[in-house]
Amino acid sequence: MKHLADEEFTDHLLGETAPGRRKETAAHLHACPACRSRLAALRAAASAVAAVPPAPVSADFTAKLMARIGEGEKAAPAEHIGIFSWPAPWKLVFAACALMLFAAAFFRPGGAPVPATSRILYLADGPATPVRLAGLVSPAQPGVEAKSGGIYFSDSCRTAGCGL
Amino acid sequence: MEHPDRKELIELENSLISRFIGGDAEAFAGLVDIYKDRVHQFILCILGPDREAEDIAQEVFIQIYKSLGAFRRESSFGTWAYSLTRNVCRRRLRDRGREAGLFSGDDGESGGEPRDAAPSVEIKFENEETGKIIRAAVDGLSPLHRSVIFLSCWEHLSYKEIAAALDIPIGTVRSRIHNALAALSTRLKPVLAEEKQP
Ligand SMILES: [Zn+2]
Chain A
1344 MKHLADEEFT DHLLGETAPG RRKETAAHLH ACPACRSRLA ALRAAASAVA
1394 AVPPAPVSAD FTAKLMARIG EGEKAAPAEH IGIFSWPAPW KLVFAACALM
1444 LFAAAFFRPG GAPVPATSRI LYLADGPATP VRLAGLVSPA QPGVEAKSGG
1494 IYFSDSCRTA GCGL
Chain B
62 MEHPDRKELI ELENSLISRF IGGDAEAFAG LVDIYKDRVH QFILCILGPD
112 REAEDIAQEV FIQIYKSLGA FRRESSFGTW AYSLTRNVCR RRLRDRGREA
162 GLFSGDDGES GGEPRDAAPS VEIKFENEET GKIIRAAVDG LSPLHRSVIF
212 LSCWEHLSYK EIAAALDIPI GTVRSRIHNA LAALSTRLKP VLAEEKQP
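Protein chains in written order, with the numbering used here: chain A, 1344 to 1507; chain B, 62 to 259.
Be aware that a few hints might be false.
Pairs of lysine-lysine, DSSO-like flavour, derived with a Cα cap of 30 Å [what the hints assert, rightly or not]:
| id | chain 1 | residue 1 | chain 2 | residue 2 |
| --- | --- | --- | --- | --- |
| 1 | A | K1407 | B | K193 |
| 2 | A | K1407 | B | K127 |
| 3 | B | K127 | A | K1417 |
| 4 | B | K193 | A | K1345 |
| 5 | A | K1366 | A | K1345 |
| 6 | B | K193 | B | K68 |
| 7 | B | K68 | B | K127 |
| 8 | A | K1407 | A | K1417 |
| 9 | B | K221 | B | K127 |
| 10 | B | K68 | A | K1345 |
| 11 | B | K193 | B | K250 |
| 12 | B | K221 | A | K1366 |
| 13 | B | K127 | B | K250 |
| 14 | A | K1366 | B | K193 |
Here are the simulated distance ranges between beta carbons [what the hints assert, rightly or not]:
| id | chain 1 | residue 1 | chain 2 | residue 2 | range |
| --- | --- | --- | --- | --- | --- |
| 15 | B | G158 | A | R1386 | 33 to 43 Å |
| 16 | A | A1370 | B | K250 | 37 to 47 Å |
| 17 | B | A86 | A | A1402 | 19 to 29 Å |
| 18 | B | T247 | A | G1413 | 40 to 50 Å |
| 19 | A | G1415 | B | I71 | 24 to 34 Å |
| 20 | A | R1386 | B | A197 | 18 to 28 Å |
For the record, the hints were derived by calculation from the structure and aren't laboratory data. Positions of the beta carbon are idealized from the N, C-alpha and C atoms, including for glycine.
Bound conformation, chain A alone (with noise of 0.2 Å):
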């Protein structure tokens, strides 16, 4: 009678017998001994350190950690043009937000006219691509400058969902 290999002892403990295996598997574990023998060991082992808790850390561990990232994000200098730190959604919404009052007030009805390159405000953020954030809304592209008011607005807006 050939016993299993090494392998397939942990292989059936841990659930990982391939299922094309699994009917010899348990039909060998069923008539040897040797193989029962070796494998109520493997699993007596394995019971026995599941049983143990891990190493804790101290009990102030989350603190100490919640203030280092405090910290940290007050000492963090601003990486790009945005006005808010990312990546937060929220702080997405309120700036699109933001954005929107600003474009009512700038953009209503009988406004100063600008020039187009001087209205366009970035968001920075991840997601858009440096071409669309490179973009310029310009009367060349009459469908974003109409749709937009001239503010050109990133994938973060739309992925955040704030309707604009």
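Assemble chain B with the ligand onto chain A, guided by the hints.
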């Protein structure tokens, strides 16, 4: 086959991750509370007893905080977090001038038995000491054997996930888990026999 406890855990951590990405910083603290001891233990598995283990765990969580927005959920959070932990440990070893492979001192691809560095286990045990003895037996394994044992027996990760977390072939995962369990089974025989007694 997914471990039942793990399924619940994955659901919880997915909900915390979604809340964190939605701007709830408290949710991150929740994730830390779930994983802090486990990441700490995994660091100890990789590095062995290390005075800086807790500091390294802090560094791991700062990395997780910074990268969680980019986590694509192609693997479980655990697999991703442990892979990141391994990288932080590797960096730390490099900083200490131990440029050799992360699992240097392991038995390579030969599939040999784990090295026996454990203090010989006394036959006479007190029951409350069992946990300490088991831990000492695990500590006596090589870093790679400790790591696969931690990820399989403690964390219930699949072979595929362990291979991804440790960046080693699945065949190596299989053989190292077997070798480690066989070694533990021999070392712990007296304890396990005693535990069986009523
Ligand atoms: Zn057999």
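Do the hints match the structure? See the list:
1. K1407(A) to K193(B): Cα-Cα ~28 Å, so holds.
2. K1407(A) to K127(B): Given pair K1407(A), K127(B) holds - Cα atoms ~16 Å apart, limit 30 Å.
3. K127(B) to K1417(A): holds, 14 Å
4. K193(B) to K1345(A): Since the Cα atoms of K193(B) and K1345(A) sit roughly 38 Å apart, the hinted pair is violated (cutoff 30 Å).
5. K1366(A) to K1345(A): Distance of about 15 Å is within 30 Å: holds.
6. K193(B) to K68(B): holds, 29 Å
7. K68(B) to K127(B): Measuring from Cα to Cα gives roughly 26 Å; hence the hint holds.
8. K1407(A) to K1417(A): Holds - the C-alpha atoms of K1417(A) and K1407(A) are around 15 Å apart, at most 30 Å.
9. K221(B) to K127(B): This hinted pair holds, its Cα atoms lying about 26 Å apart.
10. K68(B) to K1345(A): violated, 36 Å
11. K193(B) to K250(B): Answer holds: K193(B) to K250(B) is near 15 Å, not above 30 Å.
12. K221(B) to K1366(A): Judged against 30 Å, a Cα distance of about 22 Å means the pair holds.
13. K127(B) to K250(B): With a Cα-Cα distance of about 45 Å, the restraint between K127(B) and K250(B) is violated, given a limit of 30 Å.
14. K1366(A) to K193(B): Not satisfied, since the Cα-Cα distance of roughly 38 Å exceeds 30 Å.
15. G158(B) to R1386(A): 33 to 43 Å: holds, 41 Å
16. A1370(A) to K250(B): 37 to 47 Å: About 28 Å separates the Cβ atoms of A1370(A) and K250(B), which means 37 to 47 Å is violated.
17. A86(B) to A1402(A): 19 to 29 Å: holds, 20 Å
18. T247(B) to G1413(A): 40 to 50 Å: Taking Cβ atoms as reference, T247(B) and G1413(A) lie about 49 Å apart, which means the hint holds.
19. G1415(A) to I71(B): 24 to 34 Å: Taking Cβ atoms as reference, G1415(A) and I71(B) lie about 28 Å apart, which means the hint holds.
20. R1386(A) to A197(B): 18 to 28 Å: With Cβ atoms ~21 Å apart, the hint holds.
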